[in-house]
Amino acid sequence: MKHLGLAALLVVGIGLLVSQASAAAPRLTLPEESFDFGIVPQNSKVSHVFWLKSTGDDTLKIVTVSPG
Amino acid sequence: MIFDSKNYNGKVTKRPRITTNEGPPDKYVQIVVDITQRPDSTYPIVIKPYKLDLTQFGEKVRSEIKFTIANVSDKDLEATVVSMPSELMDLTLPKMIKAGKTAEGMVKLTKQGVDSKFEKTITIQLNDDKASRFTIPVKRDIRVPGQDTTKVVPTPVNAGGH
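Those sequence lines, one after another, are chains D and H. When we follow this note's numbering, the leftmost residue of the first sequence carries the number 1, and every step to the right adds one. When we follow this note's numbering, the leftmost residue of the second sequence carries the number 1, and every step to the right adds one.
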């Protein structure tokens, strides 16, 4: 009976670990999604910094950034 | 993000896509620009020069440039900074530009700015009814014969001009 209890505890423990491992996921949060430059002269290079925040519980990898 | 306005005219929206290991859906950032051939009196203010060039020729350090903001509207206006690379420069703006008057602003490079080559921008916003925004390009290059000791300030993604 004691062994059965220990086995059950082990199963529950492993289950918890597996569920935690599968829950770990990367997550990208964009504090600012849009920026309006307003009036811009022709033949100018304008620039703005967008911050990318990693808010998940796994490492976030930027795979590609494609121009719009 | 960099956008090259080239010979575009009018309002342009760009939405670069960011793909990560988070999986779908991809995420986007968006920029909106209203490109004009030459800012003129159809806008509430006229900035001169409308592009600031701090290119330095030779050893003599060129670290500041003045510009004027003419208020061509019939209301007093206040301008505030929306975005600027403060690690490279400081910006002085007039507190208020009275209707029909012209005031002076100044860009002064920081130590890092003096030591760098860059093409960046300052975006300001007015307190008019439309909350009009204006973006002023600021460029710095250093041309000293036989020397190339400056840093080029990197910018990560080029989203424009095609």
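Among the hints, erroneous ones may be present.
Stated by the list, open to error - Over the 12 Å line for every Cβ pair with chain D, so calculated as not near, a few chain H residues:
hint, residue
1, S5
2, T13
3, K14
4, N21
5, E59
6, R62
7, D74
8, V82
9, K95
Claimed, not checked - A short, non-exhaustive set of chain H residues, derived as facing chain D with CB atoms under 7 Å:
hint, residue
10, I2
11, T19
12, T20
13, E22
14, V32
15, T36
16, T42
17, V46
18, Y50
19, F57
20, G58
Said to hold, decoys possible - Covered stretches of chain H, going by a simulated chain D footprint (3 or more residues, C-beta under 8 Å):
hint, segment
21, 63-73
22, 97-105
Hints in this document: simulated from the structure, not taken from any laboratory. Note that the Cβ used here is the ideal one computed from N, Cα and C, for glycine as well.
Next on the checklist: Hints numbered earlier in the text: which of these fail when held up against the supplied structure?
Outcome noted: 1, 2, 3, 4, 8, 16, 17, 19, 20, 21, 22
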